[in-house]
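One-letter residues, chain by chain:
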Amino acid sequence: MNILLIILQTINLLVMPLLLLGVVRKVKALMQNRVGAPILQPFYDIAKLLRKSETISYNTSWIFIYAPRISLTTAVIAAVLIPWSGQLLPPAWAPATNFIFLLYLLSLGKFFVMLSALDAGSAFGGLGASREAVISILVEPSMVISLGALALAAGDMNMSAIYTHPINPIIAGLAAVALLIASLAELSRMPVDDPTTHLELTMVHEAMILENSGRNLAITEYASAIRMCIFWGLSAQTLLLMLPAYNAMPIMIKYLIGIGLMMIIGITVAFLEGILVRLKWRRVPNYLAFAGLFSLLAAMVAAVRM
Amino acid sequence: MSIPDLSGGFAWLCGAALFSWLIATVIGFIQRRNPGPSLQFFLALGGLLLLISAISGGNWSVSLPLPFYLGDAGFNFVADPLARWFLGIIGLICIPTALFTPGYMHHLREHLSVGLVWSMIALLMISMTGVIIAGNALVFLVCWEVMALSSFALVAADHEHRAIRKAAFIYLGATRTGTAFLMGGFLWAHALTGTWTFADWHIFGTEAIGPALLIFIGLAVKAGCWPFHLWLPIAHPAAPAPVSAVMSGVMIKTAIYAMIRLFIVDEHIVAAFLGPLILILGSISAVWGILFALLQRDLKRLLAYSSVENIGIILMGIGIALLGRQWNVELIAQIGVAAALFHALNHAVFKSLLFMGTGAIDAGIHIRDIDKLGGLIRNMPWTVGAFIVGSVAICALPPLNGFAGEWLLYKGFFSLALLGPTVGIRLSALLLMGILALVGALVIACFVKAVGISMLGMPRSSAAENAKEATREMVIAQIFLAFLCVALGVTAPLFMSPLSVIVTRANQLPLLQNNWSIPVVAISIVIIAGIGLLTAWMIKLARKNPSRHFITWECGFGKLGPRTQYTGSSFSQPIARIFGAIYNYAVDITIKGKQRRHFPEKVSAEMNYEAYLETRIYLPLIHTIKRLSGNFLMRLQAGSIHQYFIHMALVLALLIWVGSR
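For the record, the sequence lines run as chains A and B. Note that the numbering used here gives residue 200 to position 200 of the first sequence, counting from 1, and the numbers run on in steps of one. Numbering-wise, the numbering used here comes out as the position in the second sequence, counting from 1, plus 306.
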């Protein structure tokens with residue numbers, strides 16, 4: 001059972017991020033009355049990028065070369081540790097799943113990606129990095145507060161404990177909404193950033209990685225796909241905390257439900273992206289204020305109901 | 307509390323360190339113009355001796371024999387675990403400072419007496435050590451004053467510049483004010499207890515409010531806590547870089563030391579209001595400091611504002627600890643003090659590293675303006691590499707040391723939320739976690755700007771283009787500190803036990819050993835292995851399809867210049883807009899030309915912000931004081947002998963009246 005789970009988890013870790021990306025793109029295309037690229041297109045893209053040679057600007061330094069590698073490594077470590085697919089880690093690993101540690105580990109990758117955006121001396125990179133910094137300023141507090149509320153309800157800062165502990169469904173619901181709203185900004189998705197416009201100037205994440213090409217770009221894209229899985233998976237798990245029955249299920253079924261719900265979140269986001277418009281850049285704080293509001297409500301409930 | 311009198315070995319080691327610095331002070335006075343390498347040797351030796359005496363353990367207390375006497379109290383020195391922690395910080399930072407200083411002072415040798423700077427640095431070290439080991443209030447005050455004056459002399463070192471003279475005077479004014487409060491508080495405490503010895507102070511209840519408030523304000527001025535931080539971003543950039551490193555890294559920590567000593571560890575003065583007050587002021591300092599750091603164009607000023615932020619973080623730890631003591635939850639108290647102490651050490655390491663990095667750039671090309679630098683990573687790989695390590699550490703990113711301290715603080719807030727007695731406290735603890743996260747994200751933005759704009763990209767000036775790597779000694783000093791950032795981060799679990807001992811009350815057990823749970827070593831190995839594997843794979847792929855070097859993408863418009871890059875001001879503009887209410891932020895854009903919309907001849911943008919505290923509170927206050935002294939006090943001393951006779955007669959009458967009562 002355990003070995004089966006490890007194999008499943010490894011496949012999941014490798015396949016799921018790009019599959020989710022493919023599904024999101026497909027649903028979005030269908031929403032726009034297009035046939036859209038095949039669901040497996042992200043896999044083809046990555047494979048092609050890995051085969052191509054890469055173009056590096058004269059102005060860059062080692063930061064530009066190493067940033068995607070740091071970003072991917074930290075994302076993979078976080079993906080192994082964060083319970084985004086409902087997996088249960090060996091108990092000895094529990095201390096490593098401290099939520100502050102994992103959020104800061106992801107920030108380490110982001111820090112270097114922002115630096116690499118400035119490394120080539122392109123104004124696009126500067127613009128993207130600056131906006132990315134703003135988004136994380138707005139997002140981090142609500143993420144920490146909502147996860148903190150969950151941790152308070154569970155009495156433990158380790159995610160492996162939080163996500164196996166029966167938690168008041170109100171706290172879980174509010175925290176899940178806060179996490180979802182925040183994750184859309186964090187992942188450069190629709191109301192904040194549109195990854196599909198024709199001009200990089202209007203984007204955040206794509207503007208940052210404009211200079212990356214070839215295998216460097218492949219790693220970067222893969223890292224951001226993993227981050228997508230991490231945050232939506234985490235929201236899915238938080239939503240599932242609302243169902244007390246979920247915790248009692250056998251682990252395989254929990255696993256499949258977790259993956260399934262993450263897919264549903266992805267499809268819902270893609271559906272919403274089909275009918276929403278991107279917010280004006282200056283309105284982004286107003287949108288993220290909702291994440292802050294929900295996390296505050298979760299914190300209040302967690303503080304009252306001891 | 308009782309300290310075993312082991313005035314043997316380690317006290318002598320500490321004494322030898324002080325003596326070594328004393329020699330350096332004297333030599334510096336003698337060799338004013340051309341100081342020899344002996345100065346560097348004695349300064350480093352002192353640091354090393356102090357570090358050994360701090361690490362190798364052993365509490366001691368020493369009283370100097372009779373001729374050394376301060377009116378009402380003797381020269382008593384005490385070293386307990388808390389004092390040794392700070393002695394360790396002083397010794398640790400002193401060594402790289404001694405290495406770094408000669409290379410840096412080289413470019414200033416024309417217009418200032420380098421030897422005097424050396425001797426003042428040595429005196430600063432002596433006085434800081436004195437503050438830490440002072441056993442009574444009088445010795446503390448004397449050392450505190452020597453520390454203030456020697457650092458004033460250092461800030462004023464390059465006094466040919468008007469701006470530096472002004473900064474030095476502001477610093478002098480602030481430190482005078484602080485000492486006045488501190489002295490008032492000490493006198494009050496003396497009046498209540500009848501003794502100057504710290505160990506005999508036990509002030510509780512309503513009695514404690516007065517002295518606690520005065521002493522706290524006096525210490526807060528020195529620490530640079532909001533709203534008393536005014537002097538810090540002015541004085542620190544004015545001093546030579548190694549001095550800024552010592553001031554920001556170590557000197558302001560002496561105030562933190564005194565707070566922990568008087569209010570928490572030995573509970574000499576216990577006032578209930580201090581915990582919430584320090585927590586609130588600490589969180590305001592953290593947010594305020596980093597928000598202003600983001601807007602700065604001068605690298606050193608940015609770092610100075612970031613010191614305000616870090617002091618705020620340390621104060622948050624102290625605040626948590628005080629609340630824990632108040633409710634007798636020993637775990638919270640221990641975590642809070644441990645977070646404050648560990649962050650004090652970490653901040654000393656990475657802030658001196660960052661100041662030295664800025665100093666290395668400044669010494670080479672005389673530019674500190676972020677928007678005039680750029681591309682330094684090619685010509686100064688070591689300095690910039692160390693600066694990046696320092697930035698990762700100050701952003702509290704794992705696995706470096708900054709993370710360890712901040713994680714303890716998160717842990718403290720979480721324990722507060724878990725064990726807090728009321729809903730309000732539990733909720734505020736969660737919110738404070740959010741504030742800490744906000745500060746963390748702002749710090750990342752600030753240092754992405756500091757590194758990315760000023761050291762990466764294309765050089766924005768010819769000086770930056772032709773920058774040269776600093777001298778070998780300067781580079782070694784920086785690499786040493788960068789190494790410490792990594793080492794302290796990875797070995798953080800080992801510090802929990804000693805930190806726990808510092809905080810533990812006599813009748814309590816240390817609780818912290820099992821509280822550090824993050825497997826930093828394992829994770830660091832995995833990170834390095836992961837990056838290594840990816841690198842190997844990329845190299846393998848590159849063998850088949852080699853990388854090609856080409857210009858940065860310019861949309862087909864022709865070659866990009868340095869001027870088309872993002873600037874520091876544009877980087878921080880969106881953040882400044884969001885927090886605009888705090889800065890009163892405004893951008894004026896003027897476009898000139900006939901058909902100005904489509905064919906502008908000249909476009910200029912000007913960014914303005916206002917530090918409310920400075921312009922709305924301190925400036926009117928200083929103006930009022932100036933006016934009062936000009937209009938009123940000056941009349942008292944008009945140079946007329948008749949008037950002086952009247953004064954004397956009035957004072958005599960007053961004395962007779964007071965005496966006859």
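Careful: at least some of the hints might be erroneous.
Stated by the list, open to error - Here are the simulated lysine-lysine pairs, DSBU-like style, with alpha carbons at most 30 angstroms apart:
#, chain 1, residue 1, chain 2, residue 2
1, A, Lys52, B, Lys898
2, B, Lys850, A, Lys48
3, B, Lys472, A, Lys52
4, A, Lys280, A, Lys52
5, A, Lys52, B, Lys846
6, B, Lys900, A, Lys48
Since the hints were derived computationally from the structure, they do not count as laboratory data. Bear in mind that the values here come from a model prediction, so they are computed numbers and not experimental data.
Checklist entry - Do the alpha carbons of lysine 900 of chain B and lysine 48 of chain A lie within 30 angstroms of each other, as the hint requires? => result violated, 52 angstroms
Checklist entry - Is the straight-line distance between the alpha-carbon of lysine 280 of chain A and that of lysine 52 of chain A 30 angstroms or less? => result The given pair, whose Cα atoms are some 36 angstroms apart, is violated under the 30 angstroms limit.
Next on the checklist: What's the verdict on lysine 52 of chain A and lysine 846 of chain B, does the C-alpha distance respect the 30 angstroms limit or exceed it?
Outcome noted: holds, 13 angstroms
Checklist entry - Does lysine 472 of chain B pair with lysine 52 of chain A here, judged by a C-alpha cut-off of 30 angstroms? => result Roughly 60 angstroms separates the two Cα atoms, so the pair is violated.
Item to check | Restraint check for lysine 52 of chain A with lysine 898 of chain B, where alpha carbons must lie at most 30 angstroms apart | outcome: Roughly 48 angstroms between the alpha carbons, so the hint for lysine 52 of chain A and lysine 898 of chain B is violated.
Next on the checklist: So if I understand the rule, the pair passes when the alpha-carbon distance is 30 angstroms or less; does lysine 850 of chain B with lysine 48 of chain A pass?
Outcome noted: Between lysine 850 of chain B and lysine 48 of chain A the Cα gap is close to 14 angstroms, so the pair holds against 30 angstroms.
The structure shown violates the earlier hints numbered 1, 3, 4, 6.
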